[in-house]
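Chemist: Here's the letter readout for the chains.
Number of protein chains: 2
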Amino acid sequence: MDLFDVIKGRRSCRKYLPDPVGEDLVEKIIEAAMWAPSPANNQPWEFVAVTNRDVIGKIFEEADYRKKILYEKSGWKWINRYDVGFLKDVPLIIAVLGDPKKSGADLFLTHGAEAYQHACSAAIQNMLLTAHAVGLGGLWFTLFEKDSIRQILNIATDLDPVALVCIGKPGGDPFPTPRKEMKEKIRYIS
Amino acid sequence: MDLFDVIKGRRSCRKYLPDPVGEDLVEKIIEAAMWAPSPANNQPWEFVAVTNRDVIGKIFEEADYRKKILYEKSGWKWINRYDVGFLKDVPLIIAVLGDPKKSGADLFLTHGAEAYQHACSAAIQNMLLTAHAVGLGGLWFTLFEKDSIRQILNIATDLDPVALVCIGKPGGDPFPTPRKEMKEKIRYIS
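Top line first, the protein sequences correspond to chains A and B. The opening position of the first sequence corresponds to residue 1 in the working numbering, with each subsequent residue numbered one higher. The opening position of the second sequence corresponds to residue 1 in the working numbering, with each subsequent residue numbered one higher.
Everything labelled a hint here was simulated from the structure, so no lab data went into it. Treat the hints loosely; a few may be bogus.
No distinction is drawn between identical chains; accordingly, a pair holds when it is met within one copy or between any pair of copies.
Said to hold, decoys possible - Taking lysine-lysine pairs in the DSS-like style, the calculated list, with each CA pair at most 30 Å apart, reads:
#1 Lys8 with Lys28
#2 Lys146 with Lys101
#3 Lys102 with Lys68
#4 Lys101 with Lys8
#5 Lys146 with Lys102
#6 Lys169 with Lys180
#7 Lys101 with Lys77
#8 Lys68 with Lys28
#9 Lys146 with Lys77
#10 Lys28 with Lys88
#11 Lys183 with Lys68
#12 Lys169 with Lys8
#13 Lys8 with Lys73
#14 Lys67 with Lys8
#15 Lys8 with Lys77
#16 Lys15 with Lys68
Keep in mind the model is a prediction, meaning the values are calculated, not measured.
This is chain A alone, in the form it adopts within the complex (with noise of 0.2 Å):
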C-alpha cells in the first residue's frame, strides 16, 4: 500500500472485532517499530504482546477507573461520554515500554531524558501504520497510570510504559477526525 494514502487514511478504531490477530502479523507490526530511528540507534523499546483476557480485562478496568477521576478533575464533559468498553473486546494490546536510559545525548541536557519517549513515538507510529496497511485497526492508548500498567503486566520499575496500541479487526468505520489549515500550522524563515 502506498504510503500517503496509509498516512491519510489511519485513525484511531475504537470498536474492534473479536478474532484473533495472527502471529505473523504481530510480528510484522512489531518488526515495523524495531525500524524506527532512535537515539544513537540505542533501541531504547521493548513490547508485551498480551492477548490474555483476563489481563485485558485488568486494563479495561484501570482505564474505566481513571476515566472517571478524569472527569472529576478535568470537567471535561466528553471524557464521560468516551466509552473504554472497546478495551474488553479487543483482541491484542502491544505495550511499548521505552528505557529512559536509552536517550542518548538528552542525558546530558537541561530537558533530561525525552529521546526514549521520542523513538517509541515513531515506533508506535510505524506499528499503526502498518497495521492499517495490512487492513488493521489501530489505537494509541494513554489513558492509565503508568504504575497501573507496570503492575498489571509485570513491568521492571525502570522501564516506561510510554502506550498501548490495541490492534484489531475494526468493528466499523472509524470516525473520520479532520485536520487543521495547514498556513496555520507552518512559519518560513527564508
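Since the structure of chain A is already known, use the hints to place chain B on it.
Modeler: Only chain B this time, still in chain A's reference frame:
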C-alpha cells in the same frame, strides 16, 4: 512507494547536497506530519521551515558547541568524532514545536504532559518516511538546548522545540544501522 519498504529503507542522513527542496515537497512533508494521531485530535504541533543560511548557521554553531559540552560531561568518545558540519550544508531544517497545553488526559495524570511530545514524534516519523519516499534524506536532530533554539528561531517560551528535522538530497549512501533480534525485544502474555 510501498509502506514497509519505506519503513525498512529509511536511514538517518548526515550528508546533504545543497540543492533546495521544492516548496511542493516541503508542504507534502508537513502535510504528512499533520496526519499523525494526537490526543483528542488536539494537533499539538507547529512547524518552522528554515532555509535561511544565517539562521541555519546559528543552528550549526549551537549544535557544535553543545557537542563539546556533551563530550566533556559524558566522556563518550564517539561524540567527539561526530561531525555536525552537515548542518552547514543542509538546505532545509523543519523545527517541530509542541504545545504542552494540548496534551489531553496526561495533564491530569501523575506523569504530566507528555502526549504532545508523542504526537509530535509520530508527526516527525511521518515526515521522515515521506522524505525517504520522495528520494530525500532526513535526520531527527536533537543535539541542542531548547532555549537556544527558541532564541534562534524566535519561538515563544510556552512552545517546546521537540526536534529539528534536517531534509535534503542525500550526499551519499547513509550508514546502514542494524537492528537487534526481535526475540530480545518481545514478551507474550497469552
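Chemist: Indicate, hint by hint, whether the structure satisfies it.
Modeler: Now for the hints, and whether the structure bears them out:
no., hint, verdict
1, Lys8 with Lys28, "both (21 Å within a copy, 11 Å between copies)"
2, Lys146 with Lys101, "both (17 Å within a copy, 20 Å between copies)"
3, Lys102 with Lys68, "between (34 Å within a copy, 20 Å between copies)"
4, Lys101 with Lys8, "between (34 Å within a copy, 25 Å between copies)"
5, Lys146 with Lys102, "both (19 Å within a copy, 20 Å between copies)"
6, Lys169 with Lys180, "both (29 Å within a copy, 29 Å between copies)"
7, Lys101 with Lys77, "between (38 Å within a copy, 18 Å between copies)"
8, Lys68 with Lys28, "neither (35 Å within a copy, 40 Å between copies)"
9, Lys146 with Lys77, "within (24 Å within a copy, 35 Å between copies)"
10, Lys28 with Lys88, "within (24 Å within a copy, 38 Å between copies)"
11, Lys183 with Lys68, "neither (37 Å within a copy, 38 Å between copies)"
12, Lys169 with Lys8, "both (19 Å within a copy, 24 Å between copies)"
13, Lys8 with Lys73, "neither (34 Å within a copy, 43 Å between copies)"
14, Lys67 with Lys8, "within (29 Å within a copy, 37 Å between copies)"
15, Lys8 with Lys77, "within (29 Å within a copy, 42 Å between copies)"
16, Lys15 with Lys68, "within (20 Å within a copy, 51 Å between copies)"
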